[in-house]
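A.B. asks: For reference, the chains in residue letters:
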Amino acid sequence: MSKNSKTAGWGSALAVSPAKKIRRPFNWRPMMSQLFTVAVTLFGLLVLTFVIGRMMPSDPVRAIVGEDATRETYEMVFRQLGLDRPLWEQFLIYLRDVLTGNFGVSIRTGQPVITDILHVLPATIELATFAILIGATLGVSLGVLAAVNKDRWPDHVIRVFSLMGHSMPIFWTGMIGLLVFYATLGWVGGSGRMADFYIGLVDERTGFLLIDSALAQDWEVFRSALNHLILPASILGYSSSAYITRMTRSFMLDQINQEYITTARVKGLSSRQTIWRHAFLNIRVQLVTIVALAYGSLLEGAVLIETVFAWPGFGQYLTNNMLIGDMNAVMTCVLIVGVIFITLNLISDMLYRIFDPRTR
Amino acid sequence: MTGEHILDVRKLSVGYRSDGGYIDAVRNVSFKLGREKLGIVGESGSGKSTIGRALLRLLPTARITAESIRFEELDLLNISEREMLKVRGRRMSMILQDPKFSLNPIRRVGDQISEAYLTHFKCAKADARAKTIDMLQAVQIRDPERVYDLYPHEVSGGMGQRIMIAMMLLTDPDVVIADEPTSALDVTVRLQVLNILDRLVSERGIGLIMISHDLNLVRNFCDRVLIMYAGQVVESLKAPELSNAQHPYTQGLLAAQPRIGGGRTPLKVLDRRPEWKEPLEVQA
Numbered sequence: 001m002s003k004n005s006k007t008a009g010w011g012s013a014l015a016v017s018p019a020k021k022i023r024r025p026f027n028w029r030p031m032m033s034q035l036f037t038v039a040v041t042l043f044g045l046l047v048l049t050f051v052i053g054r055m056m057p058s059d060p061v062r063a064i065v066g067e068d069a070t071r072e073t074y075e076m077v078f079r080q081l082g083l084d085r086p087l088w089e090q091f092l093i094y095l096r097d098v099l100t101g102n103f104g105v106s107i108r109t110g111q112p113v114i115t116d117i118l119h120v121l122p123a124t125i126e127l128a129t130f131a132i133l134i135g136a137t138l139g140v141s142l143g144v145l146a147a148v149n150k151d152r153w154p155d156h157v158i159r160v161f162s163l164m165g166h167s168m169p170i171f172w173t174g175m176i177g178l179l180v181f182y183a184t185l186g187w188v189g190g191s192g193r194m195a196d197f198y199i200g201l202v203d204e205r206t207g208f209l210l211i212d213s214a215l216a217q218d219w220e221v222f223r224s225a226l227n228h229l230i231l232p233a234s235i236l237g238y239s240s241s242a243y244i245t246r247m248t249r250s251f252m253l254d255q256i257n258q259e260y261i262t263t264a265r266v267k268g269l270s271s272r273q274t275i276w277r278h279a280f281l282n283i284r285v286q287l288v289t290i291v292a293l294a295y296g297s298l299l300e301g302a303v304l305i306e307t308v309f310a311w312p313g314f315g316q317y318l319t320n321n322m323l324i325g326d327m328n329a330v331m332t333c334v335l336i337v338g339v340i341f342i343t344l345n346l347i348s349d350m351l352y353r354i355f356d357p358r359t360r
Numbered sequence: 361m362t363g364e365h366i367l368d369v370r371k372l373s374v375g376y377r378s379d380g381g382y383i384d385a386v387r388n389v390s391f392k393l394g395r396e397k398l399g400i401v402g403e404s405g406s407g408k409s410t411i412g413r414a415l416l417r418l419l420p421t422a423r424i425t426a427e428s429i430r431f432e433e434l435d436l437l438n439i440s441e442r443e444m445l446k447v448r449g450r451r452m453s454m455i456l457q458d459p460k461f462s463l464n465p466i467r468r469v470g471d472q473i474s475e476a477y478l479t480h481f482k483c484a485k486a487d488a489r490a491k492t493i494d495m496l497q498a499v500q501i502r503d504p505e506r507v508y509d510l511y512p513h514e515v516s517g518g519m520g521q522r523i524m525i526a527m528m529l530l531t532d533p534d535v536v537i538a539d540e541p542t543s544a545l546d547v548t549v550r551l552q553v554l555n556i557l558d559r560l561v562s563e564r565g566i567g568l569i570m571i572s573h574d575l576n577l578v579r580n581f582c583d584r585v586l587i588m589y590a591g592q593v594v595e596s597l598k599a600p601e602l603s604n605a606q607h608p609y610t611q612g613l614l615a616a617q618p619r620i621g622g623g624r625t626p627l628k629v630l631d632r633r634p635e636w637k638e639p640l641e642v643q644a
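Sequence order for the protein chains is A and B. Start counting the first sequence at 1; every next residue gets the next number (the numbering used here). Start counting the second sequence at 361; every next residue gets the next number (the numbering used here).
Treat the hints with care, since some could be wrong.
As the list claims (entries may be wrong) - Restraint-style ranges between C-beta atoms, simulated for each label pair:
no.	chain 1	residue 1	chain 2	residue 2	range
1	B	ARG442	A	ARG223	56 to 66 Å
2	A	ARG358	B	GLY394	41 to 51 Å
3	B	ALA490	A	ASN227	52 to 62 Å
4	A	VAL180	B	ARG442	36 to 46 Å
5	B	SER603	A	ASP254	40 to 50 Å
6	A	THR359	B	ARG442	32 to 42 Å
7	B	ARG624	A	THR359	49 to 59 Å
8	A	LEU163	B	GLY380	27 to 37 Å
9	A	MET164	B	GLY394	53 to 63 Å
10	A	ASP254	B	GLN617	35 to 45 Å
11	B	PRO600	A	THR359	30 to 40 Å
12	A	THR359	B	PRO634	50 to 60 Å
13	A	ARG358	B	GLN617	34 to 44 Å
Worth flagging that the hints you see were computed from the coordinates, not collected in a lab. Source: prediction; values computed, not measured. We put the CB at the ideal spot given by N, CA and C, even for glycine.
Chain A on its own, in the form it takes in the complex (with noise of 0.2 Å):
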C-alpha cells in the first residue's frame, strides 16, 4: 500500500487536497527483501549440491585412480581432494571454489566442467528459446480463441490438438517429425545444429550458433542452423503449448466473467478489443509464471528430443555424466539449473510489479 491510496479516499475530495501532481517514487523495499531471499535461496542451493557430492554413492577417489590403484596412490588423491579435513572445512574450500568459478574437473574428459558446460549449455539455451517463443505464442492464442469460443467447436479442436501435444511421447513426435519433414519433404534439416560439411566453419565465439554464423556474416550456416533447429524447436514448442493453452484458457475464462468487460462492452468496444485490451491485459501476470516454469524447464535440457536429434545439448551432457558418476559435472549441472530457475523466478516477479500496479 502506498501512501497515496490513504488520501484517496472520498473523505478528501471534502478536504481541499493539495495540487501536487501525484508521484510514484520507485518502492525499493521490496526488491531488496526479494534479492536477501535470493541469495538465501542460492546458499541453500549450494547446500544442496555440496551434499549431492558427499552423499552420492560413488567414490570420487576411485574414479579418479581406477580399481587397480595402490593404497597410497589411494590416500594421496584422497588428501589432494581435501577429502581428510572435516566437512565444513570442506565445504567451505567448495564454497571459495564455486565463487572464484573453479567447478573442478570432468573424470571423462579430463577439462574444466565449466568449459564443457559452457559448449553445450548455449545449444540448449538457442533451442529452449526458440521452443519457447514457438509455445508461448501458439499456446497463448489458442488458450485465447478457446476461451473465447468455449463449448463450441474451436474450444473442442484445441483442446483435442493440445491434449494429443500433451500426451505424445515426445521422442516419438521426433521420430515422426524427422520421418515426415526431413526424410520424406524435405523442408528442413536433419539431426545435430547443422548439416555435417558446415561443422568447424565458423569460429565459436558465443557458442549459440545463429549468433556466431550471423556474427561472421556466413549465411549458409545461419540457414542451415535454423533448418536444423526448427524441427526440434517446434516439436518441444508443441509439448509446451499444450499446458499453456489450457493455462490461458481457464484465465481468460476467469475474467471474461468479470464484471469489468461488461463494462468495456457498455462502452462500445467490440469484442476483440475488450479481449485484448482489457482481459488479456488481467492475465499477463498468471501467463507470465506459467511461461517462465515452462522455459525454465526446456533449459534443464529435453534429454529425449537432444537425443534424437543428435542436439549436443545440456540434458544429454547431465544424463551421461549422471550415468557415468562424474561427480563434478553433476554438481555444476545441479546448480547451474538451480540458478536458472531462480533467475526465472525473479524476472517474473519484477514482470509482476511492471504489469500489476496493486503490487507495486
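Given the structure of chain A, go ahead and fit chain B onto it with the hints provided.
C.D. replies: Okay, now just chain B, sitting in the frame of chain A:
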C-alpha cells in the same frame, strides 16, 4: 427525435438456456421511456437487471424476443452487432453496481474513462484527457488531474461510482441504465452519488432507467416506477402515487417496510401467490 419517447419496448421476453429448453427470466415486458427517470423495482431474480442487459444486447447466450424495441430511429431487435457497437456507450450506456468489480483493476481510471470517448470520437488523446478531466469535475471529484492517474484500488467506493458515472455520461448518451448504482455503497455516500446522477441526468435531458430493489430510493428518486415480479411487470405507477398501489404484491412490499415511529409489532411477511406468475398484461 421522433415523438416524445426515446425508447419504446413492446412485449420483451428474455429466455436463458437451461438444459433442453429456455426459461424466460423476463416475460412480455412493455414500457416507454421519455426524458425522465423510470424506476424498475423487484426482488432478486425478478428479471430487472436482465431487461437492462437485454436492451444493450449484452446477453449473447440468451434468447431475446419482442414485438418491437424501438430506440429513437433504430429497431434494436434487428440491427446488426456492428450497428449495436455504435449504440453502446455512445447513445445508450449503463452504470454497473459495484465499482470494485466494474473497473479494470490494472488500468488507470482516467484512461478507462477517456477510452469511452475515444471509442466513438476521433480525437487526440490529449483532448480526450481534457474532456475526461472536465467530466471528473462534473461528478464533483476534486483534483481530477491527480485522480486521473490513480488505479481503481486506490479510490474509494463512492469515488469509484462517480468515476463510473463520468465514464458512462462522457459521450452524452440519450439513455442511461443504472443497474443498482448505489447498492454497493456506504449509506452516507449513497445520497451524494444519487444527487450527482440526478443533476447530470436532468441537465442533459437523459432518459434514465433506474434498476433497484430499494423501494424507498426509487419512490424518492424516480418519476415513474415499474414493479416486477417473476419476470413480469405487475404494476406501473407514478412515483408519488406508489402508496395507492392496486396489485397485492406491491401492497405487500409496501406493508413489509418498517417505519420510524411505527408500532413495534412484527412486520407483515411478504406474500407470494402462484397466480401472480400467470401471464398478465400491463401497459406502461
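A.B. asks: For each hint, tell me whether it holds in the structure or not.
C.D. replies: Hints, verified against the model:
| no. | hint | in the structure |
| --- | --- | --- |
| 1 | B:ARG442 x A:ARG223: 56 to 66 Å | violated (46 Å) |
| 2 | A:ARG358 x B:GLY394: 41 to 51 Å | holds (43 Å) |
| 3 | B:ALA490 x A:ASN227: 52 to 62 Å | holds (55 Å) |
| 4 | A:VAL180 x B:ARG442: 36 to 46 Å | holds (43 Å) |
| 5 | B:SER603 x A:ASP254: 40 to 50 Å | holds (46 Å) |
| 6 | A:THR359 x B:ARG442: 32 to 42 Å | holds (39 Å) |
| 7 | B:ARG624 x A:THR359: 49 to 59 Å | holds (52 Å) |
| 8 | A:LEU163 x B:GLY380: 27 to 37 Å | holds (29 Å) |
| 9 | A:MET164 x B:GLY394: 53 to 63 Å | holds (59 Å) |
| 10 | A:ASP254 x B:GLN617: 35 to 45 Å | holds (39 Å) |
| 11 | B:PRO600 x A:THR359: 30 to 40 Å | violated (52 Å) |
| 12 | A:THR359 x B:PRO634: 50 to 60 Å | holds (53 Å) |
| 13 | A:ARG358 x B:GLN617: 34 to 44 Å | holds (40 Å) |
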